[in-house]
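Asker: Given two chains presented individually in distinct reference frames, assemble the corresponding complex, making use of the accompanying hints.
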Amino acid sequence: MTGYLKDVFTNTGNISLFTGRFFKAVFKQPFELKEFAKQCYLLGYKALPLVGITGFIMGLVLTLQSRPTLVTFGAEAWLPGMVALSLIKEVAPIITALICAGKISSGIGAELGSMKVTEQIDAMEVSAINPFKYLVVTRILATTLMVPLLVVFADCIGVFGGYVGMNIHSDINVFRYLNKILESLTFLDIMPATIKTIFFGFFIGMIGCYKGFTAANGTESVGKAANSAVVAASLTIFIIDMMAVQLTDILFKP
Amino acid sequence: MILQELKISDTPTNQFVIDINGLWKLFGKDNEVLKGVTLQVKTGENLVMLGKSGSGKSITIKCLVGLLLADKGSLKVFDTDITQLDYTQLNKIRLRIGFLFQNSALYDSMTVRQNLEFPLKRHSKKLTDTEVNSAVSEALDSVGLLEAIDKMPSELSGGMRKRVGLARTLILKPEIILYDEPTTGLDPITSREISELILSIQQKNKTTSIIITHDMACAKLTGDRIVMLRDGVIYLEGTYAELEQNKDEWVRSFFE
Ligand SMILES: Nc1ncnc2c1ncn2[C@@H]1O[C@H](COP(=O)(O)OP(=O)(O)OP(=O)(O)O)[C@@H](O)[C@H]1O
Ligand SMILES: [Mg+2]
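Protein chains in written order, with our numbering: chain A, 1 to 254; chain B, 1001 to 1256.
The shape of chain B in the complex, shown without the other chains (with noise of 0.2 Å):
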């Protein structure tokens, strides 16, 4: 029956790819850090979050694609309550979620070949080997690294690594590409490079995204729609053009 509803979800009825309702989490028993996060996210918008360091951004993220358990509330992805899943249909649906971590979280002991061959490898059985080699240059062409190609992460620098971590992500051509931070620590200029590319990527793959930053060029240059998370829930939603205009304290000291 799941799996009926998974085919279902194939051509989403709904207009939201990603509905978030009431999401709760807390670690520990006082330490609330989600308290009721409600947000939807069209198919093909980039929609950036914004919050500071600690409201709780990339524990959102995290529990979209269950890395964490929620405490309370529904996650509907593809229209599937990903809450309701077992392992197995957990996993059909990060299939088609790709996840850019905060850290670039590249395999220390493999080469930047191998670490883009992995998932490919495993879930596309069927490729040959001129196929993953094309798949693999082509994924790190987009990002501009195909000289990395037989080089160790720990060769790379800090934004090396980050478009490694996003050649990685868009190997498997997901539907949904959740970002973490995808410019913190860049130039402006890597940053701008990073911010366009993601822009291409919405363009060309028609993805949905999520897009987590503090860099509010990037946000406003990527993102169709930003939400605030404060003390635990969204304080406020809107285009860049409208938030920019807002008088309250709290929101300007992000646009200044």
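So here's chain A without its partners, still in its complex pose (with noise of 0.2 Å):
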């Protein structure tokens, strides 16, 4: 128990160290903007229809299964509105980081991991090339701007299933549908929504660059990268997920 929660405190630690590394190397040049930009890509492209899938399916369970409580209160009408809300406050964010997490941060560990065991990190360093702006930095900010991005597009493909979901017992206008949603959304539910997804983002870049770039020496160490990448990033994204609706319930209180 000790051990583990040592463990626990020098894995925090080394990873603040590495955050601490992280913004004092993102403001200098060279930026890696090509690099950047093909992880966007990269990133974004690996993770699409995954989280669209799971965006699609989310709307229109959540559609079905709130629909008995809500008709028997008389309620049928509040159906859209309610089922965009849960999606864009907590559903479309925590799953879509999630898959990322499963998707996106074990792949980074992976691929860093397996750089840094064939020694192709030290490779970049003789030859002068900083593999911390490279590789590091260019991957966390990549994630960062993709993983909100990918919930704006489960939150959009959430809503289309919903509609899907009504569909099936009624029929509704798409006009009508997508009104009922914009009524009963606000400036203060997209916003924190919104802020979460992009620490979201970054913590699963960072936890992913932080366990692969440290990987130890051995084949071994690189399936561990991935794997303890893919436990580390799920459990920040609840803890943040906490911190942040915590902190607007604080701040927003009606």
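To be clear, the hints were calculated from the coordinates, so they are not data collected in a lab. If you're wondering where the values come from, they're calculated on a predicted model, not measured in any experiment. Incorrect hints may appear among the rest.
Simulated restraints, written as ranges between beta carbons of each label pair [claimed, not checked]: (1) B/Ser-1109 / A/Thr-69: 44 to 52 Å; (2) A/Val-26 / B/Met-1152: 24 to 32 Å; (3) B/Lys-1052 / A/Val-26: 50 to 58 Å.
Here are some chain A residues pointing at chain B (derived, C-beta under 10 Å) [said to hold, decoys possible]: (4) Gln-120; (5) Ile-121; (6) Asp-122; (7) Glu-125; (8) Tyr-134; (9) Ile-181; (10) Ser-184.
For every residue, glycine included, the Cβ atom is placed at its ideal position computed from N, Cα and C.
Answerer: Structure follows, in structure tokens:
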């Protein structure tokens, strides 16, 4: 138990140092714009289908499952708004972030881990290219940008899924459906949810890079890096989510 | 001030391009790998380093380029102690040193061409595309692998990877090249080709090299001088012919 606690503390300390190193490096020339753009494309492209499918299913399922309750209370008209709210505020961000933790964070962990083990990172270092800037900074910036965009994408597909769900039981016009959603959404619903996804993205990249970049020697550490990246990133996502929700609750109490 | 030092070092006052003095390196608390390695390499010299597996040969040259931090001792390259430099200054020195990794360390996600372009494009921004292309073809041609230019590293054999690694090292025209087991795991014919290549690089580009090897044929062909690492220090040094005559049991076991 004490060993486990010690692990947690050293890990947290090291990740903080790693984060500090990131902020030191991020504003310094040269900016690796090409690699950043490539990473954005690759990360987005990799996660897009999965995020789309889960987003659609979430919208559909939430609609179908909430419906009976609302019908009992005669509040069926609220269905689109309610589904959209839970999607945008919680379900889409957290599901998308978890998918990205599984797909992107572990991918980065494995990629950088194997580069470390096969001395590719050392090779960059000796040819006077800063591997931290080239590999780590670009990837963290890319996830920080792409995860929020993926969440927005999941929101949209989820809303569409909800529309399909509505149409199983009743005929509703797309415009009326969207109108109802827009009526029930406020700025305060969207803003905090979006801000927290930026943090999700940052930590998904940060943890993947940290685990990969600091992998030990030997091939088995590549698998370890990928695996522990998923675990740590998922846990971090839930912790950030909890803090974000409590913070918004305190700040914007009705 | 340090910049001035770097300038001066362009024309070495010292005849030693590499001057390692009392290098100590330990891992953990009690694993002392290097215990005061001292060795010098003259301008234009090929120095072969022999030693048992795990004796710390790779560690020595990794300290020399700052990949590992030395625990004690001075490491002078071009008359500049690299342990005293900051990151930017160190990178300036690194640009003049080529490093061939024991396992080639090719970038897996890039083609052979991109592997070679990568350091070149970053450090010589003024080069046009045609100049980059011709430099890449020239370097690949010199290792006899022009036909592999658009392959991925995963499609290459171990020997081919070694040669691509060598081409990537050569492309920046380094003044010093550190070879970590350039011929290990290759057949005798390819080994000989690589050894001859190392020799011709020395003669053509006037490079100074440290060559780590277990391959005595390579040591004989390429080495102007041989040092033997044992128990964390340089145990013996001499030419191939001298060491071949040595009566010491441990030394004999290398030459038999
Ligand atoms: N990162 C590390 N952490 C701990 N110990 C290490 C590390 N790297 C090397 N060592 C130790 O240093 C010793 C020397 O390693 P080195 O790679 O220099 O051997 P070598 O002489 O190059 O051997 P080989 O001929 O097999 O390549 C090894 O015994 C190893 O235990
Ligand atoms: Mg070695």
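Asker: Could you run down the list of hints and mark each one as holding or not?
Answerer: Hint by hint, here is what the structure shows:
The beta-carbon spacing between B/Ser-1109 and A/Thr-69, approximately 50 Å, falls within the hinted interval of 44 to 52 Å. About 31 Å separates the C-beta atoms of A/Val-26 and B/Met-1152, a value consistent with the hinted range of 24 to 32 Å. A beta carbon spacing of about 45 Å between B/Lys-1052 and A/Val-26 contradicts the range 50 to 58 Å that was offered as a hint. The criterion of a C-beta within 10 Å of any C-beta in chain B is met by A/Gln-120, whose closest approach is roughly 5 Å, and the hint holds.
Nearest Cβ of chain B to the Cβ of A/Ile-121: about 9 Å, under the 10 Å cut. The hint holds. With 10 Å as the threshold, the beta carbon of A/Asp-122 comes within range of chain B, its nearest partner Cβ sitting at about 5 Å, so the hint holds. The beta carbon of A/Glu-125 comes within 6 Å of a beta carbon in chain B, closer than 10 Å, and the hint placing it at the interface holds. Because the beta carbon of A/Tyr-134 sits about 9 Å from the nearest beta carbon in chain B, less than 10 Å, this interface hint is met.
The beta carbon of A/Ile-181 is not positioned within 10 Å of any beta carbon in chain B (closest approach about 42 Å), and the interface hint is therefore violated. This hint is violated: A/Ser-184 has a C-beta 46 Å from the nearest C-beta of chain B, more than the 10 Å allowed.
The structure is inconsistent with the numbered hints 3, 9 and 10, although it conforms to all the rest.
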